[in-house]
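Participant: So you can see what is in the structure, the chains are spelled out below.
Protein chains: 2
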Amino acid sequence: MLDFKLLKTDARTKARAGLVHTDHGTIKTPVFMPVGTRGSVKAVEQRELLEINASIILGNTYHLYQRHGVEILRKFGGLHSFMSWPRPILTDSGGFQILSLSDLRKLSEEGVEFRSHIDGSRHFFTPEKIIEVERTIGSDIMMVLDECPPYPSERDYVSKSVELTHNWAMRCKESFSASKPFYNFNQFLFAIVQGGVYPDLREKSARDLVAADFDGYAIGGLAVGEPAEEMYRIANFVTDILPEDKPRYLMGVGTPANLLEAVERGVDMFDCVLPPRNGRNSQVFTSTGKLNVRNAGYADDEASLDSECDCYACKNYSRGYIRHLFSVDEIFGLQLASLHNLRFFISLMEQTRLAILNDRFVEFKTETLTRMNSLKKEEI
Amino acid sequence: MLDFKLLKTDARTKARAGLVHTDHGTIKTPVFMPVGTRGSVKAVEQRELLEINASIILGNTYHLYQRHGVEILRKFGGLHSFMSWPRPILTDSGGFQILSLSDLRKLSEEGVEFRSHIDGSRHFFTPEKIIEVERTIGSDIMMVLDECPPYPSERDYVSKSVELTHNWAMRCKESFSASKPFYNFNQFLFAIVQGGVYPDLREKSARDLVAADFDGYAIGGLAVGEPAEEMYRIANFVTDILPEDKPRYLMGVGTPANLLEAVERGVDMFDCVLPPRNGRNSQVFTSTGKLNVRNAGYADDEASLDSECDCYACKNYSRGYIRHLFSVDEIFGLQLASLHNLRFFISLMEQTRLAILNDRFVEFKTETLTRMNSLKKEEI
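Residue numbers (the working numbering), protein chains in the order written: chain X, 4 to 383; chain R, 4 to 383.
These aren't lab readings, by the way, just hints derived from the structure by calculation.
Keep in mind that a hint or two might mislead.
All copies of an identical chain are treated as equivalent in the list; a pair is satisfied when it fits inside any one copy or across any two copies.
Think about it this way: if two alpha-carbon atoms lie no more than 27 Å apart in a straight line, the pair counts; the simulated DSS-like pairs of lysine-lysine are [stated by the list, open to error]:
1. Lys207 to Lys17
2. Lys176 to Lys207
3. Lys11 to Lys176
4. Lys318 to Lys11
5. Lys132 to Lys31
6. Lys78 to Lys318
7. Lys132 to Lys8
8. Lys78 to Lys293
9. Lys183 to Lys8
10. Lys163 to Lys109
11. Lys207 to Lys163
12. Lys293 to Lys163
13. Lys109 to Lys31
14. Lys207 to Lys183
15. Lys31 to Lys207
16. Lys109 to Lys8
17. Lys11 to Lys31
18. Lys368 to Lys207
19. Lys293 to Lys207
20. Lys109 to Lys11
21. Lys293 to Lys183
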């Protein structure tokens, strides 16, 4: 069973600070996890991820399976060794990616059949198969196979989907328990609570999965287009059902404000492609708001991206230089912006954690969100 | 006058080892200079350039002038400060780039009028203007404005071109002598020997420029399509005329073999876009030859790109992983290949220098070229 230590729960909110111990190191929660879908966090080096204090990164089971197969990963001794990453890895199952293949896939109780988006080849993912693939990848935290309904979806559809997701989760757990890691470290399995925006379905999903005693619980099916208030409401509802002594992971979320609101509602772990993706598009997160560093107004700006940031980009380069790099299409521009944005998200969770431990989470959240709105008029 | 110390000339060839002192540090020659046309060596960070021991990099006067103008560079205190690069910078004048604009430019004795390749705006570069721009960039080594005739060119054309290049060089020198650096460090001026593949024109160009006593001498107009043997013959001919006590720079050259052949003929400095450009295309230089790391045959190869290389890519990642990165279009792949290729070229010149100092340049060159051919059958 995963060793999760809950250090503190905020007296005024549900915000928590904890420690997740894995054989590849300890994760301090709340935590932001950079996404390295195909074994690389886009345009950021592994040593830079260490430098900005990324304590865990994501990989994607579907994408790693597609290219270039698990045999190669097994030969290399797993993904940690393949990509030279010493800290924990979490793999999502790829259910979300497969299901978005729409006409390339066929869903059944047994599993999901799909045609590769690369070469059209046919594959069949079952819960058992996913566990086998994640064993071969060697992620520290494995996610179950789930179905993530789009937003909006009819209640009936979501209800059946919750049942399917539950059955798959139980088969994943069985398969997980019956198998051993391929490499010399422990792996853990998280379940995924589904149920769309229907509280009763969310409740059923959560209660049934909690009863089965997983290592941790993710909240899936959010950040798929619903209003932010809906996301917060559902997250809040679900964390009330989840056990205190297990980590909680809100999948695919989100903006800095989303993260703080979800922490307030008892979430511990986050992942999102936003920081590097925005970085590649010259959109930069700062403590006073978002800015588009490509704007001509920054051409002679000698300030760093964010005067409060300690990343390599902010300690060495000006907005003017980074604006120049984007303007002349130099790759180094997006390297710096991606690195900075990731550091911004990681640092935001570090500061949040300290605030929780120091009994000032509410004040921290208010101050942070207020300051982040100060640049609003310059918005991208 | 530039402080160049010739430490040793090989007893059996014209190969030399020396030291070029600038206010931004000492350059050990022979040296390979990475090209950072627009204030960035593509996909490689400044701290990585330090790490792979780049002792000097290039910038391009034309491109920096085009985007985004010298006023910004002046505001930032010059290119060193703009791009946070603490070591020497050499700027080529951009003559080569302007002249390749063909129908966008008009050449006269006075200078060259051109329309911007970006926005069509009209500009006039004279020798005096180039010096002013290079003063504003603040490069340690400034190149004169020259005309670089294409290959092949008629003797008559080249003859007139040599005259023009000489007149421009003299005006550059006058303007250089009459002006002072904008920033608190010294700048130096190199002349460029032209004359195509015509020995008598090369001789005239070289003798006249030597008489004018520049800080160093470049050999321009080579590596423009002529056979390698022709390049070696002309380089050899020109270095016989150039003074012993000034550094010699062969512009835009070249492959590892080109470098070794030119060192043998008395050249000290090189620049070329080949290492990062090839790297971006997954072509990797190694001590046993070139390989295309994207080839499927490397998919499960656990070896590093080059077992003898000390770069970050080779110390941490396998060919299999780097092949995967290229295959799934991850930017990190080209970052690693660019970094490695640059380190390969820099290291080649470091080893060459040691060989010269240890009286074994000829043996080193033969061994190195023989080993580099061993992978030939796998050639790209």
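Participant: Work down the list of hints and note, for each, if the structure agrees.
Facilitator: Do the hints match the structure? See the list:
no.: 1; hint: Lys207 to Lys17; result: within (22 Å within a copy, 83 Å between copies)
no.: 2; hint: Lys176 to Lys207; result: within (18 Å within a copy, 83 Å between copies)
no.: 3; hint: Lys11 to Lys176; result: neither (29 Å within a copy, 72 Å between copies)
no.: 4; hint: Lys318 to Lys11; result: neither (33 Å within a copy, 41 Å between copies)
no.: 5; hint: Lys132 to Lys31; result: neither (31 Å within a copy, 58 Å between copies)
no.: 6; hint: Lys78 to Lys318; result: between (40 Å within a copy, 19 Å between copies)
no.: 7; hint: Lys132 to Lys8; result: neither (31 Å within a copy, 68 Å between copies)
no.: 8; hint: Lys78 to Lys293; result: between (43 Å within a copy, 25 Å between copies)
no.: 9; hint: Lys183 to Lys8; result: within (24 Å within a copy, 66 Å between copies)
no.: 10; hint: Lys163 to Lys109; result: within (16 Å within a copy, 74 Å between copies)
no.: 11; hint: Lys207 to Lys163; result: within (12 Å within a copy, 88 Å between copies)
no.: 12; hint: Lys293 to Lys163; result: neither (40 Å within a copy, 57 Å between copies)
no.: 13; hint: Lys109 to Lys31; result: neither (39 Å within a copy, 64 Å between copies)
no.: 14; hint: Lys207 to Lys183; result: neither (30 Å within a copy, 79 Å between copies)
no.: 15; hint: Lys31 to Lys207; result: neither (30 Å within a copy, 72 Å between copies)
no.: 16; hint: Lys109 to Lys8; result: neither (41 Å within a copy, 74 Å between copies)
no.: 17; hint: Lys11 to Lys31; result: within (12 Å within a copy, 58 Å between copies)
no.: 18; hint: Lys368 to Lys207; result: neither (32 Å within a copy, 74 Å between copies)
no.: 19; hint: Lys293 to Lys207; result: neither (39 Å within a copy, 60 Å between copies)
no.: 20; hint: Lys109 to Lys11; result: neither (45 Å within a copy, 74 Å between copies)
no.: 21; hint: Lys293 to Lys183; result: neither (45 Å within a copy, 42 Å between copies)
Checked against the numbered hints listed earlier, the structure breaks hints 3, 4, 5, 7, 12, 13, 14, 15, 16, 18, 19, 20 and 21; every other hint is satisfied.
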